[in-house]
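In the order they appear, the protein sequences are chains P and E.
Per the numbering used here, numbering of the first sequence is gapless, rising by one per residue and ending at 434.
Per the numbering used here, numbering of the second sequence is gapless, rising by one per residue and ending at 434.
Careful: at least some of the hints might be erroneous.
Straight-line distance between alpha carbons at most 25 angstroms, and here's what the computed DSS-like set of lysine-lysine pairs gives [stated by the list, open to error]:
1. P:Lys84 / E:Lys434
2. P:Lys137 / P:Lys387
3. E:Lys401 / E:Lys180
4. P:Lys434 / P:Lys55
5. P:Lys276 / P:Lys250
6. P:Lys434 / E:Lys84
Quick list of the computed label-pair ranges, beta carbon to beta carbon [what the hints assert, rightly or not]:
7. P:Asp231 / E:Lys427: 45 to 51 angstroms
8. E:Thr12 / P:Asp423: 51 to 57 angstroms
9. E:Leu82 / P:Ser161: 45 to 51 angstroms
10. E:Val266 / P:Asp423: 57 to 63 angstroms
11. P:Asp231 / E:Glu51: 55 to 61 angstroms
12. E:Leu82 / P:Glu267: 37 to 43 angstroms
13. E:Lys416 / P:Lys415: 40 to 46 angstroms
14. P:Glu372 / E:Ser370: 52 to 58 angstroms
15. P:Gln314 / E:Glu267: 33 to 39 angstroms
16. P:Asp231 / E:Arg10: 50 to 56 angstroms
17. P:Ser161 / E:Lys210: 50 to 56 angstroms
Please keep in mind that the hints were generated in silico from the structure rather than gathered at the bench.
Keep in mind that this is a model prediction, so the values were computed, not measured.
Glycine included, each C-beta is placed from N, C-alpha and C at the ideal position.
2 protein chains.
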Amino acid sequence: MARGRVTRLTACDVRFPTSLGAHGSDAMHTDPDYSTAYVTLETDAEDGLKGYGITFTLGKGTEVVVCAVNALAPHVLNKDLGDIVGDFRGFYRQLTSDSQLRWIGPEKGVVHLATAAILNAVWDLWAKQEGKPLWKLLVDMDPRTLSSCIDFRYISDVLTEEEACEILQKNQAGKKEREAQMLTQGYPAYTTSCAWLGYSDDRLKQLCTEALKGGWTRFKVKVGADMQDDVRRCGLIRDMIGPEKTLMMDANQRWDVPEAVEWMARLAEFKPLWIEEPTSPDDILGHAAISRCHNRVIFKQLLQARALQFLQIDSCRLGSVNENLSVLLMAKKFGIPVCPHAGGVGLCELVQHLIIFDFISVSASLENRMCEYVDHLHEHFKYPVLIQKACYLPPKDAGYSTEMKEESVKKYQYPDGDVWRKLLAAQGK
Amino acid sequence: MARGRVTRLTACDVRFPTSLGAHGSDAMHTDPDYSTAYVTLETDAEDGLKGYGITFTLGKGTEVVVCAVNALAPHVLNKDLGDIVGDFRGFYRQLTSDSQLRWIGPEKGVVHLATAAILNAVWDLWAKQEGKPLWKLLVDMDPRTLSSCIDFRYISDVLTEEEACEILQKNQAGKKEREAQMLTQGYPAYTTSCAWLGYSDDRLKQLCTEALKGGWTRFKVKVGADMQDDVRRCGLIRDMIGPEKTLMMDANQRWDVPEAVEWMARLAEFKPLWIEEPTSPDDILGHAAISRCHNRVIFKQLLQARALQFLQIDSCRLGSVNENLSVLLMAKKFGIPVCPHAGGVGLCELVQHLIIFDFISVSASLENRMCEYVDHLHEHFKYPVLIQKACYLPPKDAGYSTEMKEESVKKYQYPDGDVWRKLLAAQGK
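Let the hints inform the model, and build the full structure from the sequences given.
Spelled out as structure tokens, the structure:
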């Protein structure tokens with residue numbers, strides 16, 4: 006049983022200066038500092054447990070998300086955790102439909118990222134109180150309770166609560182076996198660590214060699230800034246990994262629709278499994294494949310329009326577990342494989358819970374499915390991901406793996422942490 | 006010629022406690038405090054002119070938009086105004102595509118509202134320096150220069166720069182006559198002031214009577230919260246205005262798609278000209294008609310999908326004049342009449358410039374066209390709208406009519422202005 010009254014909600018601006026090494030660079034984000042608006046939730050329960058929530062940002066603007074978390078805080082403070090999770094749909098609706106705040110969204114951009122950070126903290130705390138990793142909390146929940154966490158507003162034309170329950174009910178069979186399978190083999194992953202756009206060819210080769218040695222068989226490369234550059238880099242990687250292994254490409258919204266068609270025709274010879282974010286994330290009709298949408302309404306239409314072949318959920322862009330549940334269920338209904346987006350700060354830690362739950366309780370399949378992996382910044386987390394033979398092993402610690410090490414939060418706090426004070430002083434700021 | 010280097014950019018949180026009188030209330034926004042993130046732009050030019058920009062918000066969250074304006078400020082400070090407007094497309098792209106900040110958008114929600122506020126201030130300043138009201142600055146600009154203000158990224162599949170120029174070029178003929186027509190007759194308006202959702206029937210009747218006396222022939226009513234209530238209120242208004250006058254309805258995103266269909270079937274007897282925002286603003290495929298989109302990519306698809314019969318631009322939700330230009334031109338290409346959204350704080354003041362320009366230089370037609378009008382808060386503006394026989398008369402003062410009275414800004418500043426200090430003290434805050 007969830008317990009305690011929320012007595013404190015704080016949000017902290019934590020930034021890692023990843024731009025110094027061109028880590029995470031792509032055609033649209035040339036110098037990201039991987040960052041997070043880090044939420045801590047405290048209650049008056051005697052267990053002393055705290056919930057931690059993150060949302061992922063790229064440096065500048067994290068302070069804007071922190072500001073939005075504070076604006077949403079009155080909806081959380083002084084509430085009983087039992088009342089929150091007992092009517093999780095109502096609580097979700099309350100956060101996303103504040104009659105004044107929804108104007109600056111709704112359910113997109115800054116406020117939605119802030120909503121995700123808060124809800125991620127709630128889920129972390131709930132799972133900790135139940136003594137279970139989040140994926141297990143979800144797997145053990147009965148279909149009716151799980152569905153009651155979802156806000157079906159704006160998606161009831163393609164997925165009703167009854168359909169959601171049916172899907173979950175049908176998959177009760179075989180759950181035990183799939184859970185056992187996950188615990189021994191883990192969930193298949195692919196790596197994006199080798200081929201950020203700002204990496205030199207030498208570095209790319211070296212990282213690729215290491216990844217192959219480490220057992221990786223699926224690779225993603227960033228493209229979209231310069232055609233000749235892309236041809237050379239994709240050729241180089243395809244040569245190194247050979248014709249059998251899997252290659253994905255990601256243009257990070259760089260192109261117009263005609264440009265995307267032209268560019269991909271040229272890169273087709275390297276046999277990409279998919280092209281990710283060819284154009285604006287808002288452009289449903291212009292998409293042949295897309296990812297990282299900002300809410301369930303956009304995903305709904307991409308599915309309706311048959312505009313994607315792979316669906317990439319994001320644990321921090323969507324409204325936490327609640328909204329991801331609705332997207333996983335819609336993907337199941339439309340028969341589209343889910344291959345989550347990860348990387349950043351903590352996205353791997355969080356999304357592994359969702360995709361493992363998806364396999365056990367929703368999709369019941371690994372066909373054409375894999376979860377992104379990036380080998381960065383895990384050292385700052387108290388319960389970092391565990392990769393074995395290019396697979397995610399299910400976390401065993403209670404919670405949503407969102408908690409960061411206290412010293413990391415302190416050191417990388419912006420602008421007052423040690424790391425930033427030194428960096429900013431060096432830049433004369 | 007634009008002149009001066011930007012030396013100062015400030016953003017101010019100004020809120021009007023409109024919720025006390027249920028002004029502006031609708032099915033989703035039950036208690037809005039009409040507010041604005043108010044931007045002031047100063048340069049070192051000797052003319053001493055300042056640019057003022059607003060974006061419209063509903064109270065809570067205005068501080069988040071102010072925070073985002075500050076995050077964008079480094080892109081504006083120390084720039085020459087001549088360089089900014091001399092490469093306006095480039096400047097627009099820079100603001101909307103900051104490699105770190107775009108993550109918390111892109112081009113939607115908080116950052117896009119902040120972008121609009123800043124760009125509105127730039128346009129106001131430019132027009133003031135040219136000594137022209139904004140609509141006239143636009144009307145006098147040659148097609149090539151006008152097009153160079155537009156970022157065609159993500160819309161080039163339906164509108165190219167060449168096409169934009171052609172549309173503008175073709176309309177050079179007859180411009181003088183249309184300008185003269187505007188100056189004498191003004192642009193037709195409709196009123197939303199009579200029928201906010203929170204108004205009593207008596208109040209509604211009284212306001213409707215007054216509006217009829219004032220010469221209004223087109224009325225909009227808020228619907229969507231309660232069916233019986235809607236039937237009664239719509240019936241009451243239709244009775245008062247008679248069968249010939251025009252009635253529009255607005256559900257403010259309240260419904261799911263099936264709900265919208267059911268609800269509108271019931272309200273059809275009152276012969277609405279349109280139903281506005283029946284469902285989520287992101288739901289292109291679910292729409293038969295929609296409004297107030299957050300960027301040009303959404304509008305592009307609504308036009309492509311033939312999902313709207315009337316297009317309602319917003320001067321502060323879209324990325325200022327620049328992005329509105331692209332939407333006006335796309336609407337022209339698809340033959341869809343533009344009927345702007347207005348009201349709020351200052352939206353009437355701003356959007357009149359755009360729609361008057363549209364008539365003179367783009368649409369060249371008044372068929373099925375009218376601009377929303379709400380009779381609120383104009384007293385806080387230095388150059389308030391002028392309505393004559395239910396028409397907007399073209400503003401004659403230089404600028405974008407964005408400038409507010411200094412004393413209003415001071416008095417309504419949140420939380421330190423006189424009005425708020427008293428109100429918050431009364432609420433024990």
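For the range 50 to 56 angstroms, tell me whether the beta carbons of Ser161 of chain P and Lys210 of chain E fit it or not. Because 36 angstroms falls outside the window, the suggested range is violated.
Take a quick look at whether Lys401 of chain E and Lys180 of chain E sit within 25 angstroms of each other, Cα to Cα. Distance of about 18 angstroms is within 25 angstroms: holds.
Verdict for Glu372 of chain P, Ser370 of chain E (Cβ pair) under range 52 to 58 angstroms: holds (55 angstroms)
Given the hinted pair Lys137 of chain P and Lys387 of chain P, is their alpha-carbon gap at most 25 angstroms? With a Cα-Cα distance of about 16 angstroms, the restraint between Lys137 of chain P and Lys387 of chain P holds, given a limit of 25 angstroms.
Per the hint of 50 to 56 angstroms, is the separation of the Cβ atoms of Asp231 of chain P and Arg10 of chain E within bounds? Because 34 angstroms falls outside the window, the suggested range is violated.
So does Asp231 of chain P sit 45 to 51 angstroms from Lys427 of chain E, Cβ to Cβ? Since the Cβ atoms of Asp231 of chain P and Lys427 of chain E sit about 60 angstroms apart, the hinted range of 45 to 51 angstroms is violated.
Does the beta carbon distance between Lys416 of chain E and Lys415 of chain P stay inside 40 to 46 angstroms, or does it fall outside? holds (42 angstroms)
Starting from the hint 45 to 51 angstroms, judge whether the C-beta atoms of Leu82 of chain E and Ser161 of chain P obey it. Roughly 47 angstroms apart at Cβ, these two residues keep to the hinted range, so it holds.
Is the gap between the beta carbons of Thr12 of chain E and Asp423 of chain P within 51 to 57 angstroms? violated (34 angstroms)
Given hint Lys84 of chain E paired with Lys434 of chain P - CA-CA distance at most 25 angstroms: holds (19 angstroms)
Looking only at beta-carbon atoms, does the pair Val266 of chain E, Asp423 of chain P fall within the given range of 57 to 63 angstroms? holds (59 angstroms)
Given a hinted range of 33 to 39 angstroms, is it respected by the beta-carbon distance of Gln314 of chain P and Glu267 of chain E? For Glu267 of chain E against Gln314 of chain P, whose Cβ atoms are near 34 angstroms apart, the range 33 to 39 angstroms holds.
Hint check: violations occur at hints 4, 7, 8, 11, 16, 17; the rest are consistent with the structure.
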